[in-house]
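> Numbering (our numbering), first residue to last: 1 to 192.
Just so you know, not all the hints are guaranteed correct.
Claimed, not checked - When the alpha-carbon atoms are kept at most 25 Å apart in a straight line, the in silico DSS-like pairs for lysine-lysine are as follows:
{"id": "1", "residue 1": "K63", "residue 2": "K87"}
{"id": "2", "residue 1": "K133", "residue 2": "K98"}
{"id": "3", "residue 1": "K51", "residue 2": "K63"}
{"id": "4", "residue 1": "K98", "residue 2": "K51"}
{"id": "5", "residue 1": "K159", "residue 2": "K87"}
{"id": "6", "residue 1": "K87", "residue 2": "K51"}
{"id": "7", "residue 1": "K41", "residue 2": "K63"}
{"id": "8", "residue 1": "K159", "residue 2": "K136"}
{"id": "9", "residue 1": "K98", "residue 2": "K159"}
{"id": "10", "residue 1": "K87", "residue 2": "K112"}
{"id": "11", "residue 1": "K112", "residue 2": "K63"}
Unchecked claim - DEER-style ranges, computed between Cβ atoms:
{"id": "12", "residue 1": "Q43", "residue 2": "D68", "range": "33 to 41 Å"}
{"id": "13", "residue 1": "R93", "residue 2": "M124", "range": "14 to 22 Å"}
{"id": "14", "residue 1": "E91", "residue 2": "R176", "range": "41 to 49 Å"}
{"id": "15", "residue 1": "Y61", "residue 2": "L86", "range": "35 to 43 Å"}
{"id": "16", "residue 1": "D68", "residue 2": "T31", "range": "49 to 57 Å"}
Everything labelled a hint here was simulated from the structure, so no lab data went into it. Note that the structure is predicted; figures quoted are calculated from it, not measured. Ideal placement from N, C-alpha and C gives every residue a C-beta, glycine not left out.
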Amino acid sequence: MDKNRLKKTSLLKNLFKLHWMLLAIFVYSGTIAVSNFFIIKPQLIRYNDLKEQKNNLDNIYLKIRSTDIEQALNNLDTELNICQSLKNSFESRIADEKDFSALLGELNYIVKESDLRLNSIAPMKKGEKIFGKYYKQPINIKFRGSYSRFLSFLNNLEKSRYWLLIDSFSISPDSRDPANYSFDVVIFSIVI
């Protein structure tokens with residue numbers, strides 16, 4: 001039995017000799033290299049390609065976003081300039097309370113320019129506030145003339161340097177002259 005046992009231990013010793021150990025290391029290394037080449041390397045290449053694609057898409061997205069933001073800012077600047085221009089235009093036509101007589105003079109001039117016969121111009125009680133600092137100043141104006149002259153009057157109101165806006169009006173036939181009409185117009189101006 002000792003011989004058997006001795007044979008088994010010598011066989012184990014032979015297995016662990018240097019050339020067997022080197023062969024085992026070579027087979028193990030070969031297996032790792034082959035698995036790396038066929039399994040891991042293609043996945044790593046695919047991972048790197050996908051990572052590069054993601055970076056490219058991120059860059060494109062950032063360029064698109066920055067272009068959108070620039071476009072939105074340009075649109076806002078344009079809108080701001082338009083609003084500022086409209087505000088300046090609005091404020092330039094507002095009459096000062098001190099210049100109310102000039103406003104009435106302008107209204108008188110418009111009636112004469114329209115070739116209408118003025119009966120009366122009468123400022124009325126101040127109206128409600130507009131935007132907190134302006135208020136409506138109604139003016140009642142009565143005149144006579146033809147309908148075409150009334151249209152000329154309306155066109156001249158639009159061209160006035162002050163806000164002269166129609167609040168209400170009534171037209172009735174002139175009892176003295178059937179070709180003309182009597183106009184009773186309530187105009188309001190925006191006054192500061």
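> Now look at each hint and say whether the structure bears it out.
Results for each hint:
Restraint check for K63 and K87: the C-alpha separation of about 36 Å exceeds 25 Å, so the hint is violated. Straight-line distance between C-alpha atoms of K133 and K98 comes to about 15 Å, which keeps the hinted pair within the 25 Å bound. The straight-line distance between the Cα atoms of K51 and K63 is roughly 18 Å, inside the 25 Å bound, and the hint therefore holds. Under the criterion of a C-alpha separation no larger than 25 Å, the hint pairing K98 with K51 is inconsistent with the structure, at around 73 Å.
A threshold of 25 Å between alpha carbons decides the hint, and for K159 with K87 the separation of about 18 Å falls inside it, so the pair holds. The straight-line distance between the Cα atoms of K87 and K51 is roughly 53 Å, outside the 25 Å bound, and the hint therefore fails. At roughly 33 Å between alpha-carbon atoms, K41 and K63 are farther apart than 25 Å, so this suggested pair is violated. A distance of roughly 19 Å separates the Cα atoms of K159 and K136; the hinted pair therefore holds under the 25 Å criterion.
Between K98 and K159 the CA atoms are separated by roughly 22 Å; this keeps the pair inside 25 Å, and the hint holds. For a cut-off of 25 Å, the pair hint linking K87 to K112 is broken: about 31 Å separates their Cα positions. Between K112 and K63 the CA atoms are separated by roughly 63 Å; this puts the pair beyond 25 Å, and the hint is violated. For Q43 and D68, the hinted distance range of 33 to 41 Å is satisfied, since their beta carbons lie about 36 Å from each other.
Separation of R93 from M124 is about 20 Å and conforms to the stated range, judged on CB atoms against 14 to 22 Å. At roughly 43 Å, the beta carbons of E91 and R176 sit within the given window of 41 to 49 Å. Against the hinted window of 35 to 43 Å, the Cβ-Cβ separation of Y61 and L86 comes to about 37 Å, which satisfies the hint. D68 and T31 have their C-beta atoms about 54 Å apart, which keeps the hinted 49 to 57 Å range intact.
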